[in-house]
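There are 2 protein chains.
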Amino acid sequence: MSPPTSTLFAAVLRCHHHRNHHHLRRFISTYSLPLSHPIYTIWAANTSLGKTLVSAGLSTSYLSSPHRKFLYLKPLQTGFPIDSDSLFVYSKFGEFFARNRPEFSVFASNHVLKASGLASKDVFRGGSDVERDENVSCRNGVVKKSEFFLSNSEMKGSVLGSEGLVRGGFGVERDDNVSCGNGAVKKSEFFDSNRAELSVFDADCELKGSVLGSEGLVRGGFGVERDGNVSFGNGVVNVGLYEERRLQGTENWEMKGYSKLVCKTMYGWKEALSPHLVAERENARVEDDELLGMLKGCLGIELESEKGGAFCVIETAGGVASPGPSGSLQCDLYRPFRFPAILVGDGRLGGISATISAYESLKLRGYDVVAVVIEDHGLVNEGPLSSYLRRRVPVLVLPPIPKEMSNNLMEWFQEALSTFHSLEEIMQSAFVERTSRLHDMPRKAHDFFWWPFTQHKLVPEENVTVIDSRCGENFAVHKVNNNVDLITQQFDACASWWTQGPDATLQIELARDMGYATARYGHVMFPENVYEPALECAELLLEGVGKGWASRVYFSDNGSTAIEIALKMALRKFLFDHKIVSDDLVAENSESHVDLKVLALRGSYHGDTLGAMEAQAPSPYTGFYQQPWYKGRGHFLDPPTVAMCHGVWKLSLPQEIETQNPSLEDFTFSLRENIFKESRDTSNLADIYHSYIWKTLHLIIDSSGSTRIGALIIEPVIHGAGGMEMVDPLFQRVLVKECRNQKIPVIFDEVFTGFWRLGAESATEFIRCKPDIACFAKLMTGGIVPLAVTLASEAVFEAFVGDSKLQALLHGHSYTAHALGCTAAVKSIKWFKDSKTNHNLISEAMLLRELWDPDLVRQISLLPAVHRVVVLGTLCALELQAEGSNAGYASLYARSLLQKLREDGIYMRPLGNVIYLMCGPCTSPQSCTNLLNKVYTRLEEL
Amino acid sequence: MSPPTSTLFAAVLRCHHHRNHHHLRRFISTYSLPLSHPIYTIWAANTSLGKTLVSAGLSTSYLSSPHRKFLYLKPLQTGFPIDSDSLFVYSKFGEFFARNRPEFSVFASNHVLKASGLASKDVFRGGSDVERDENVSCRNGVVKKSEFFLSNSEMKGSVLGSEGLVRGGFGVERDDNVSCGNGAVKKSEFFDSNRAELSVFDADCELKGSVLGSEGLVRGGFGVERDGNVSFGNGVVNVGLYEERRLQGTENWEMKGYSKLVCKTMYGWKEALSPHLVAERENARVEDDELLGMLKGCLGIELESEKGGAFCVIETAGGVASPGPSGSLQCDLYRPFRFPAILVGDGRLGGISATISAYESLKLRGYDVVAVVIEDHGLVNEGPLSSYLRRRVPVLVLPPIPKEMSNNLMEWFQEALSTFHSLEEIMQSAFVERTSRLHDMPRKAHDFFWWPFTQHKLVPEENVTVIDSRCGENFAVHKVNNNVDLITQQFDACASWWTQGPDATLQIELARDMGYATARYGHVMFPENVYEPALECAELLLEGVGKGWASRVYFSDNGSTAIEIALKMALRKFLFDHKIVSDDLVAENSESHVDLKVLALRGSYHGDTLGAMEAQAPSPYTGFYQQPWYKGRGHFLDPPTVAMCHGVWKLSLPQEIETQNPSLEDFTFSLRENIFKESRDTSNLADIYHSYIWKTLHLIIDSSGSTRIGALIIEPVIHGAGGMEMVDPLFQRVLVKECRNQKIPVIFDEVFTGFWRLGAESATEFIRCKPDIACFAKLMTGGIVPLAVTLASEAVFEAFVGDSKLQALLHGHSYTAHALGCTAAVKSIKWFKDSKTNHNLISEAMLLRELWDPDLVRQISLLPAVHRVVVLGTLCALELQAEGSNAGYASLYARSLLQKLREDGIYMRPLGNVIYLMCGPCTSPQSCTNLLNKVYTRLEEL
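Line by line, the protein sequences are chains W and F.
Going by the working numbering, the first sequence opens with residue 1, and the numbers climb by one from there.
Going by the working numbering, the second sequence opens with residue 1, and the numbers climb by one from there.
There may be inaccurate statements among the hints.
As the list makes no split between identical chains, a pair holds if one copy fits it or if it spans any two.
Unchecked claim - DSS-like mimics (lysine-lysine), calculated; alpha carbons at most 25 Å apart, straight line:
hint	residue 1	residue 2
1	K770	K677
2	K805	K444
3	K457	K900
4	K121	K307
5	K737	K631
6	K737	K296
7	K479	K900
8	K770	K833
9	K695	K743
10	K805	K457
11	K833	K444
12	K737	K677
13	K444	K770
14	K307	K836
15	K770	K457
16	K830	K444
17	K631	K695
Keep in mind the hints are simulated off the structure, nothing from the lab.
Remember, predicted model here, so these are calculated numbers, not experimental data.
Given only the sequences and the hints, what does the whole structure look like? Please build it.
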């Protein structure tokens, strides 16, 4: 190779690298899958139950009609090339059509994209595999075959280069010979020269497949020698083994059209063992993202632009939970795509159990199983299986499969054809049902739902988002683009109202735990009882977020109820401490001359039930038209806040403090951590805060003898619903101290801030003081089911202990401490605080590492469209510049921005002119950076 | 047989029948299982993976220490008698000890209790099985064997008769011969004459085993000829094949003690197929209850009084989900006992998947898997399995099992012994951990929990109920009786705060669904979105409980939040209809001169959050000491009520109506259904009600121009928390009509009454009118997770539609319409209203059949201790006679009664002096009768 070419090539390679890398990055955070044609995954209860026979059978059934394309994908093939399921499907299909459908014209191809070095060696050296096809009898027409090998790194450059050529037109040479080595790539014969468009696309797709698949080569293949000869190092190498065949039918195929079978093996390994073992033994590991990326690529290329009928099956390897090459179980590995499933069950003795268990493993990953197929072994296993499935999932029975190796199975396929027709029909109608349901859903949602916090008039049907599923932090959303159905991934950046925490792994473990908890407990009565999940949850809470102060756990259902309970606790404790107690107060109809109020911060928010609303300042939520019974039983202090504005953390003081202290300079912080430093306690500002608080408290108490402040309630550090404002933690600390001095019980509302939302398990880490009562909900269960707790100190509890039941706290909900919620909480609490499962955890500090790239955050804060930024833990909030009617909650200002970000694969919801990204405690900083980059780009456009 | 004997015998048989029948009945509703010794179930991922080897290995490991008893139970044996796992364990154990532990003295027995007629024939005719043991080489000591056959119905009488003899003392003859046919039963040799107590017990247990097991005989065996000869009819017959062996050790066994292996096969079938198939083919079906009854019997006999060390394994047949003889999957069949599990996994290719799937099927039934054991096939399957299990469940590897039939496996057992020791150790420590945790739980609950509605001072630690699990309607409760640990069943008659509905089958299906919903969705954001479970739930609600009036579904978390939302809806609708609307009211800080109140009935209860409490009349819940912010924003009408008093349904009118209508006679109803008749609308009483209501409404409105009744809220038909009062449905109907006339929106609080609680899906069936708004929760999800809905008519919805977001209903909770709750609701709503799954459903009427035996209810109402009875649907409530301080909520009157009923296996909670039984919509009337009988008996004692 001459130096100039080599240099050029290196540049191409770099360029390619970059593109490919980018592609994979994009894939992690967002993808879309075609839903224009049925795509099914074929699973099995165990190895060797006939998945490939089912795939082949479906191909013969589906292609019995003309003008159709059947795509068979085998992502993982071990025992290769001696075993090759895609070759089997390709061959049997050809044989079957040659014998049984002489009138049809069919085109078939088989393509092996990649293999371990070891496996590819056998292909290249003319292993036993290569001759195999010559035996296929061909009826009429000419079977032509061409193989071209794209095996070493030089090839890739060439392939890339050839793309232009192919796209350029029809001048591609026909070459029936094997082209191997470097030099120009020649595409093999085009079957249908009258349908140039399709053919070109087809040629293109093979190439693209190779290009897509080339990443593995780069990983494993740099050790491959460049010597013009094929060299077998370790790692996965490109194989590009390709063969195709056409059968000319007796009928005029130009009139009827032809049928097309495309078979692909994505990765092959030599040994006939589980992929995780051979990947290790042959030093040819494939990462999950890479594998899914290639699978998505193959699907996109083969199906996205396919105008006619098409049908795809993806055949897994081994059983449903057999590990893939990275070690991930296949049922977990393919989960992000959640293709509907066909389960090939076991018709043998013991097979009922094996089939049911495999079915349950699929359900535990959120798959829809459309049909079960078993081979007839004379045991009528279909009976118990149908009964287990309550006849909602059909069980089909295939005739006994001949065991003699010499049998070419043609009679068997013929005999089984009606079953395959039924199966295909079931799969077709399930597909039609699914898509038509997805199409109907926005209208029905529009007609039947009454969404909370939603002005229905402002949500036209077409704006309704259809969420097909979630996997970890991502939604899978149904969309129709240019009349084509898609399933698109969107990062749930609103963390579904701030509840979400699980990554994909935790989600699946929670699924098993939820199943277990339901089966073991369902729900059981709580008062006066104990059961494991409730107890373990309480223990974890008291050792965790309640450590050092809490001794009692009161369960309820959501943040709002937890707050109502907290208020009841605090007010009672106040009455108790201040000796405002009498028997009268205990009795029914009791009234008091005391008007108990709470002290709270303006902008804080504690829930939507009346009692919780009473503890928040008047707002659009509390107007007469919304809640005619709201009084506002609080005194509401304006708090100082902190935010990054134009690259600097700045403090904003409330009007009153500024008025009282006219000579104060601007406060800024060079580092965010300085905001939280305890040393600020001795600063002048601390005194100013104290005097502001002290004056306020005395004013309230003096002005009316009957009004008492019975409790302090704050959201520590961040006001969530109030617009993601960071309150100066020093101010909150001074406030808490002063209330303690005055024996006013202190409530921390950690519904939003708790469980790592701000980067620590409890926000008390940041304000460095403890409450008497604290409320947790949202993230506590990892984001699976509602559950809330109100933690209390023993002193608070004791205000309710006495001889009379009427002294007890008479508040409860039906599902108090329900087993599912407690189980989810136990799992999630442990998961988030274990560095083995949460890779973001800095174990020593018990803090999350910085998730949002500080430089990028600073860059964003410098954009003219951005007023302020608040970044802490899993939260990155931005207030957009807005004036006049654009400000405030009612604003629809951010809508168009967020609409664009949805197209980028980020699902966000605004809080007026505040927008925010929220990830889970385990989300990788890379994902966060990816999100930030997209936001930055869109903000720049503003 | 002479006539007198025959007569006597017939009487015994009848008596026995009765006892036995009674025993089984009792079993269904209550059982207790010993927890004094480890009991494990050995499961496998498939057939032939070595469960029996593991069992045998554990027996050799455990019995390596003296003075111990190992109980091996094989409930289901197919291929019998050629295959007999209990015989294998018995033989291998003997062989192993003879060879390897010459110093030990051991006693071993094998006992086969029952078999199909076909299988028993081979035993009786001296099938190949009988000689098998002569080959066992015996070291020292004499191997003695005796078999006695208890095969036909005559035998049973004799066995029963012999019990007295055995109990009577030690004079039982030693008979080494086979005793077969009728005549006196002779018990085989007692091994340890120095330990007479144990021996007698042991003898007794064999007999009891037979007696217990005799029910099958009666079912299948009446066609058996009485001719002295053995006769083989269909059905399951007693086999009573028994053999035993003792090995005299070299050490002084009287000093060291001996070890004892007891092996039992409960049921044998001839063909080597799945139990469900052979049970059918050999016409020898065994029902689940019968099987569990026998299993429990065997465990009780062998373990309950065992003072020394004991260990039990129960070996299942086939895979985890292989059907048992009734067709129930074994993992479902054994679920009521929920023994901890050992899973024998699969070490072969495909075995990772099979093992994981089997593990998941066990978890999906609520089992705890303590260890996984696999055979080494050189594939290192333990790696991925340990990684999947996160090393929390150990995976043990057994050496490769020799495949040659001739191998006696002695070397293998020796080689595997260390693994079996480890396994035993794991099982022992899991057992110790479990029991010590169960012992600690009450104290920890007492220290950490803050139970709702509970005066902690009144709940001593020893009164805390430890709930180990639930299965359908029953709790499994941990108890210590006379220092012996037990797991006891208690019927959850308070339906865990009225939430419960599932039977055991629905619970397991819900477990799968909860797993699926978590894996597919976790939770996803609701507003402006749609996803399948929320949509399907909404559709079912609008087609079901909302049919004919509701068009919108508003989701929230619990009854209390649903009520707050309903009130916000109703009050807005009222403002809208009465044109009390202005832009001011929409704004922040808006106040109004209008004081909006609700009309409600005294005694009704709508939840514990402040907004819901405001809609209920003052009560101990609402006093200043409980809820200082309560005002009582309602006008509360006294309603007329109906109840069965001393056998007659009687109407009680409120004081005011009685005063206004002094000449009114007593109203009674001959049948309950007459209370609900629409024809009562034209009665004089309807007019009286109307005038009472009309006057009240005018009085409120006239007295103050600013006070308006903005909503009516009622619990239709039954006031739940208010004391299970039945309100006259005519009164509620008249009330609703009058509110409609005055354009006051009507809310039905169906949180308690909805979803079949009262025998119809909605209580509107009984009051025969529709609301504008209705709330549902509790039973809606079948009793699994919290979820609530507020249904509304389109007219109500429209009061919130406008151009401004501020006109929308701004109320919501984080987990609004969470996928798990909606999925549970979808499943449960369908399950309860489908006569295929709910056998209580009278499909045509869409009503539940009468669950509580009317005669028995009437009898109860006649008891002097009973003041009134209210029976409807799943509810049977009794108010006890009480005077003075015993009346009212604070009463502890019923406590002692309920304590006794807990001993009878019924878990109830009082509402003051009202006690109630509450079953699920699918609970069998037989179970209800069983409960009623126990209550009747205890009430009679009062």
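| field | Hints violated by the structure (numbers, ascending) | value | Numbers 4, 5, 6, 14, 15, in rising order.
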